[in-house]
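Student: Residues per chain are reported as follows:
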Amino acid sequence: MNNILVVGELINGTRKAVKEAVINHDDQFIKDLARQQAEAGADYIDVNVATGHGDREASDMEWAAKLIEEVVDIPLAIDSSDPGAMEAGLKTCSKNTPMLNSVSAEPGRLDPFLSLAATYNTPVVALPIKDSGIPPSAEERLEVCKFITEEAAKRNIQPENIYFDPLVLPLGVDSENPSITMDTIRKIKQEINGAKTLVGLSNVSYGLPNRKLLNQIFLALCIQAGLDAALLNPNDRSTMAVLKATEALTGRDAMCMNYLRAYRQGLLKD
Amino acid sequence: MSLFDDISLAVQKGEVEEVASLAKQALEQGSGALEVLNNALMPGIEVVGEKFGRDELFIPEVMMCAQALQAGIYTINPFLTKEESSYKAKIVLGTVANDVHDLGKNLVKMMFTANGFDVVDLGVDVPAEKFATAVKEHQPQVLGLSALLTTTMPEMAKTIKHIDSEGLRDGLKIMVGGAPVTEDFAREIGADIYADNAIEAANTLKSMI
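Sequences listed follow chains A and B, in order.
Quick note on this note's numbering: the first sequence kicks off at 1 and runs consecutively.
Quick note on this note's numbering: the second sequence kicks off at 1 and runs consecutively.
Source of the hints: derived by calculation from the structure; they are not laboratory data.
For glycine and all other residues, C-beta sits at the position ideal for the given N, C-alpha and C.
Treat each hint with caution, since some may be false.
In silico DSS-like pairs for lysine-lysine, Cα to Cα no more than 27 angstroms straight-line [as the list claims (entries may be wrong)]:
{"#": "1", "chain 1": "A", "residue 1": "Lys16", "chain 2": "B", "residue 2": "Lys158"}
{"#": "2", "chain 1": "B", "residue 1": "Lys136", "chain 2": "B", "residue 2": "Lys158"}
{"#": "3", "chain 1": "B", "residue 1": "Lys130", "chain 2": "A", "residue 2": "Lys130"}
Label pairs and their calculated CB-CB ranges [what the hints assert, rightly or not]:
{"#": "4", "chain 1": "A", "residue 1": "Ser59", "chain 2": "B", "residue 2": "Glu129", "range": "26 to 32 angstroms"}
{"#": "5", "chain 1": "A", "residue 1": "Ser59", "chain 2": "B", "residue 2": "Leu172", "range": "31 to 37 angstroms"}
{"#": "6", "chain 1": "A", "residue 1": "Ala254", "chain 2": "B", "residue 2": "Glu56", "range": "43 to 49 angstroms"}
{"#": "7", "chain 1": "B", "residue 1": "Asp170", "chain 2": "A", "residue 2": "Thr14", "range": "30 to 36 angstroms"}
{"#": "8", "chain 1": "A", "residue 1": "Ala118", "chain 2": "B", "residue 2": "Lys88", "range": "49 to 55 angstroms"}
{"#": "9", "chain 1": "A", "residue 1": "Thr14", "chain 2": "B", "residue 2": "Pro78", "range": "43 to 49 angstroms"}
{"#": "10", "chain 1": "A", "residue 1": "Lys95", "chain 2": "B", "residue 2": "Leu172", "range": "47 to 53 angstroms"}
{"#": "11", "chain 1": "B", "residue 1": "Lys88", "chain 2": "A", "residue 2": "Ser175", "range": "28 to 34 angstroms"}
{"#": "12", "chain 1": "A", "residue 1": "Glu150", "chain 2": "B", "residue 2": "Lys88", "range": "46 to 52 angstroms"}
Bound conformation, chain B alone:
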């Protein structure tokens, strides 16, 4: 089996140190950093995503795998050219006003970061105005809104309306998620992207960018 396959497998098993040392070995043997990223690390995390979707892997395992992926990225990062290491896209995300739940948002952030996106996290209980200010400041391609409560879901609609009224929607896609949020609700309030879980969110984004 090739070294790339070994790296991919180590990512799938969540072996943090193993991934780092194998990635280093690959670089020493003359592989390019981008090659290691695209042909070893990414295929590994993609398998993890698929297995999570089929309930074959569970959240603690996925978190270990994401850590392993990050260890690999950390190892190869200094060897990526400036162009190669540039982020695929910038994402601003946060939990909407009156909602202090950050678990789902943090999982999403972790998956985005692991997949090479530049994430600006505004935290929890973020009012619509603060989302708008951050969009102006950071010029992201995607704005991610999270809510865990049925009572704070209307804040998502409010935030989207506010972003629209400020004229900030050009070139900006809005993604929504959280336990009570459904695809129908996302459509109803004018969101562009809905994802059922953190891995789906990362995969959807990768396929779009």
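Same shape as in the complex, but just chain A:
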């Protein structure tokens, strides 16, 4: 089993400071945030520059992708629900093949995004969401994942290049939500040969106190269920330490080499 792929989540327009930096084209702010995440061990840098101000997303994406590639050697995850902004980001990346985040089974999002993934030959994050919303059960989410897999195959996108997000809904709203997510991970890994899984952690703890505690243990549980990648804050040392420890404990770190390296780098201290 492989190491967990870490997608650094911090460059996101829903965060107030990032939104301001995007609107004002603050080069240094975005560069610093990208560099810090790469140094902290991210494998991809997620780039979401949607600020709620309509038409500028594509040009903002081009600006951000160009800047970030100047300062880091790892690939970007272009994160948008607008096909124009998505293409602007994919086109701008010249150093590494970016990841497309994300496609879903909603009519307006399936075809344009899969076509872009095929054209630019990128891995894709796929959400099992239909036009009727988020399927409540693991079985229904798996069905949507299979549908996306078939649609992707028509465009020569292999399951190995699809990171399915099993969808994380808040524990505070329904005690079953985390179990449904983990169940979905297991079913995807069992039933779609080669497919990968990715979660965004923080939604699980929405509305509850001590969110980090819940996020970290949920990360460990999802890894046990077969997770391949996580969207998280790599600058948070204790979360990265939980990741390293869980990789070692689940047979993803031969002879504990990564765990020991992290220890010697001082990364496992509080």
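Starting from the structure of chain A, add chain B where the hints point.
Tutor: The following block gives chain B in isolation, referenced to the frame of chain A:
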């Protein structure tokens, strides 16, 4: 301590069965249904709202409290006169086009319903035209728009413009909310009401109606 205080406390603790049985007891002892509503159930849920605002209570607890409140309302409902039981206001709400997130909207719906508002829920991914049709059909006092994505926030502006262009804004207040939505944004797009969370939304509405 009076029975009303006990009911209020049971609402605050989210004790569903306790609220129902105490409310029944109050009716049997001769209290009016409206009295139980206004002097026991509502004060209880108001405390819950305040504590939620101070991070003393969390979402699962608030949901239990809202269920307890509903159990109380269910118990007294048959004993309210027609006039008393009539809804304070009608609200149409939904999540805007291209956005399928319903968690926040559902919390808002739950708080509105618990507070005696008549709620028409249009669901998720609702285009501007469908909001307009529902406003014509249901004649609500308030239209509530929800969005969770920065990319779908512009749909809120689009919906408000559409409602205005259809001439439906007279006597209609538009409320907006959702994680990325700010008070500034609400003002910018011409919304009338902004609320930071579900309880604030219900409280704001109560103070307006």
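Student: Give a verdict on every hint.
Tutor: Against the structure, the hints:
no., hint, result
1, A:Lys16 x B:Lys158, "holds, 23 angstroms"
2, B:Lys136 x B:Lys158, "holds, 18 angstroms"
3, B:Lys130 x A:Lys130, "holds, 19 angstroms"
4, A:Ser59 x B:Glu129: 26 to 32 angstroms, "holds, 30 angstroms"
5, A:Ser59 x B:Leu172: 31 to 37 angstroms, "holds, 36 angstroms"
6, A:Ala254 x B:Glu56: 43 to 49 angstroms, "holds, 48 angstroms"
7, B:Asp170 x A:Thr14: 30 to 36 angstroms, "holds, 35 angstroms"
8, A:Ala118 x B:Lys88: 49 to 55 angstroms, "holds, 54 angstroms"
9, A:Thr14 x B:Pro78: 43 to 49 angstroms, "holds, 46 angstroms"
10, A:Lys95 x B:Leu172: 47 to 53 angstroms, "holds, 52 angstroms"
11, B:Lys88 x A:Ser175: 28 to 34 angstroms, "holds, 33 angstroms"
12, A:Glu150 x B:Lys88: 46 to 52 angstroms, "holds, 50 angstroms"
Of the numbered hints listed earlier, not one is contradicted by the structure.
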